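Q: Take a look at the letters that make up each chain.
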Amino acid sequence: MPFSQVILNSIIFGSQLGLIALGITVVFAILRFSNFAHGEFAVVGAYLAFLFSVTLKINFILSSAMAMALTGLIAVVIDRLIYKRIRTEAGLVLLIASMGVSIALRHIVSAIWGADPLSYEGVLTKSYSVLGAYVTGAQLLIFLISAAAMMFFYLLLHKTKLGKAMRALSDNMPLAQARGIHVEGVIKWVWFICASYAALGGILIAWETLLWPELGFLLLLPVFCAVILGGIGNVYGAIIGSLILGFVENLGLYINWSPLLNFFGLFKATSAIQIPEGYKPAITFAALVVVLIFLPTGILKGQKGD
Amino acid sequence: MGFLDLVLYFLIMMGIYGILTLSLNLHYGFSGLVNFGHVGFFAVGAYTSALLTLNGAPFLVGVISGGLAAGIVGFAVALPTSRLSIHYWAITTLGIAEVIRLFALNEEWLTRGSFGLIGIPQPLISVFSVRIYPLFYLGVVLIFLAFIFYAIRCLVNSPFGRVLKAIREEDDLALAMGKPVFHFKVKVMALGAGFAGIAGALYAHYITYISPLDFMPIITFVLWSMVITGGRGSEVGSLVGTVVIIVLYNSTRYLKDLFNISGQTVSSLRMVAIGIIIILVVLLKRGGLVEEKKKTFNI
Chain C
1 MPFSQVILNS
11 IIFGSQLGLI
21 ALGITVVFAI
31 LRFSNFAHGE
41 FAVVGAYLAF
51 LFSVTLKINF
61 ILSSAMAMAL
71 TGLIAVVIDR
81 LIYKRIRTEA
91 GLVLLIASMG
101 VSIALRHIVS
111 AIWGADPLSY
121 EGVLTKSYSV
131 LGAYVTGAQL
141 LIFLISAAAM
151 MFFYLLLHKT
161 KLGKAMRALS
171 DNMPLAQARG
181 IHVEGVIKWV
191 WFICASYAAL
201 GGILIAWETL
211 LWPELGFLLL
221 LPVFCAVILG
231 GIGNVYGAII
241 GSLILGFVEN
251 LGLYINWSPL
261 LNFFGLFKAT
271 SAIQIPEGYK
281 PAITFAALVV
291 VLIFLPTGIL
301 KGQKGD
Chain B
1001 MGFLDLVLYF
1011 LIMMGIYGIL
1021 TLSLNLHYGF
1031 SGLVNFGHVG
1041 FFAVGAYTSA
1051 LLTLNGAPFL
1061 VGVISGGLAA
1071 GIVGFAVALP
1081 TSRLSIHYWA
1091 ITTLGIAEVI
1101 RLFALNEEWL
1111 TRGSFGLIGI
1121 PQPLISVFSV
1131 RIYPLFYLGV
1141 VLIFLAFIFY
1151 AIRCLVNSPF
1161 GRVLKAIREE
1171 DDLALAMGKP
1181 VFHFKVKVMA
1191 LGAGFAGIAG
1201 ALYAHYITYI
1211 SPLDFMPIIT
1221 FVLWSMVITG
1231 GRGSEVGSLV
1241 GTVVIIVLYN
1251 STRYLKDLFN
1261 ISGQTVSSLR
1271 MVAIGIIIIL
1281 VVLLKRGGLV
1291 EEKKKTFNI
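Those sequence lines, one after another, are chains C and B. Here the numbering used here is used: the first residue of the first sequence is 1, the next is one more, and so on. Here the numbering used here is used: the first residue of the second sequence is 1001, the next is one more, and so on.
Chain C extracted, bound-state conformation:
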């Protein structure tokens, strides 16, 4: 595999991850808890898109938009039914509630659609060669869509009244309330937007690869790792963290570790030593541990939970 291919894969994976990581970090910034159910929003969104486009034969772009909106609404409903009642409790209580939500959502999906992998129809498989690396049309689109979504989020956060209110809430909720910001209304929008973004991320991942109910759980570790790496609660940190994590995972598999091991004098390695493909999630985990030991607040300054 040429090195340029590794870089390309890293960027694609990073940009998919970023869409999901964004939501986790924003929810943490405003509601002060790690939403373990966020990966499930990605899966629910992707399955809804499957329902609209494959089962009901609606245009793929329209189905994706509908799936995003519907996932956003589901998140708002879950917030009204569950999280709103325990809004003032410690982060731990919300964390456990989100664990329950995550288990319920994942298995509702597998009860409806079954546990076998599915895929969308009509994926763009025509590939282009860029600097020795192969990129499919789908991958190119994934990158462009993610970049556009990130730009949109930046504009939302800095150029609209809602974005200003969201930032105010993340700084100091009681003060924001005292200044007349309709807190519950803003929180509704936060859930809607974050879950829609996660749905988009899920659709793009499923579009490139496959769709199965465990996807959300498998994404949980890399996504949280990206969020912590960038500084939990920091929007730009989540995006940078996702990209870095994309690189860490792919480079970790690509690098020949034997010179490094020889350098530290652990043992004399003569042949190339590479991390087996099966350990890919372990690379993520190793990155997480390194970050927690050396950089617990993340690359960009994050927020403190309880």
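To be clear, the hints were calculated from the coordinates, so they are not data collected in a lab. Because the structure is a prediction, the values reported are computed rather than measured. Glycine included, every Cβ here is placed at the ideal spot set by N, Cα and C.
SDA-like mimics (lysine to any residue), calculated; alpha carbons at most 20 Å apart, straight line:
1) C/Lys280 / B/Gly1113
2) B/Lys1295 / B/Glu1170
3) B/Lys1165 / B/Phe1182
4) B/Lys1294 / B/Val1163
5) B/Lys1285 / C/Ala90
6) C/Lys57 / C/Ala69
7) B/Lys1165 / C/Val93
8) B/Lys1294 / B/Phe1160
9) C/Lys84 / B/Leu1280
10) B/Lys1285 / C/Ile82
11) B/Lys1285 / C/Thr88
12) B/Lys1294 / C/Val93
13) B/Lys1285 / C/Arg80
14) B/Lys1165 / C/Ala90
15) B/Lys1285 / C/Ile86
16) C/Lys164 / C/Gly185
The following residues of chain B were derived to be distant from chain C, with all beta-carbon distances above 12 Å:
17) Leu1054
18) Gly1056
19) Phe1059
Partial chain B-side listing against chain C, Cβ under 7 Å, derived:
20) His1087
21) Gly1095
22) Glu1098
23) Asn1106
24) Thr1265
25) Met1271
26) Val1272
27) Ile1274
28) Gly1275
29) Ile1276
30) Val1282
With chain C held as given, fit chain B onto it using these hints.
A: For chain B alone, coordinates are given in the frame of chain C:
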């Protein structure tokens, strides 16, 4: 399988899960450590004991080594995370359980990968007849359960346990009182992981076949539902929670025939029920079925 065998099977499983739930309650209920990777310690105990006994070690040596090995892993996990907040705890422990499962899946020279270990020896199998044996094994499991129950009860009522509860309620306060919070967290993590390891060993010797599929992350969350339903910080609650969830879980077995739906759908719906139970307990009865008796001072 006859009715009696089925009952014995469930009782043994309740005993093993009882140990797991008690140990998770020690982490989460008594010390406030959000451990989302308890199944990892379960796996370490199971594999350690299975590998040792397959190579000729006696049953008790296997079980105790399983506990020790899991304890050491718990100790190692706690070291980098102990100073961090619950959110990091949650994700790190989730990660370590996955890494342990990946190890079992990939290191085929040791664990035979996805084929799993077969023919794990059962203690004193030749002494008892096939019909009586589960009864004997139930006795073994109950002895371990009673021992661990008693150990945890003594522990949480000791000065050590009071510090744990102080850490759970407000770790800054415990620190201000001069308690080495970091040491306490590492110790209790290692201890609880060790108990989970013992449960793993008992599981391996009962089922006699283990593979990475036995240690999927969902088990951790089933354990969480048991701890929460039973009552956070209550030893009796852990046992009640275990029984309630196992009975609920397995009584849905017969829905398949009643409503003519596939087995896969039933098992998904069962997990949906577990998720909803967790949510309902958090929303409606946070203390669980058996609430912890907290000492209060009346002024």
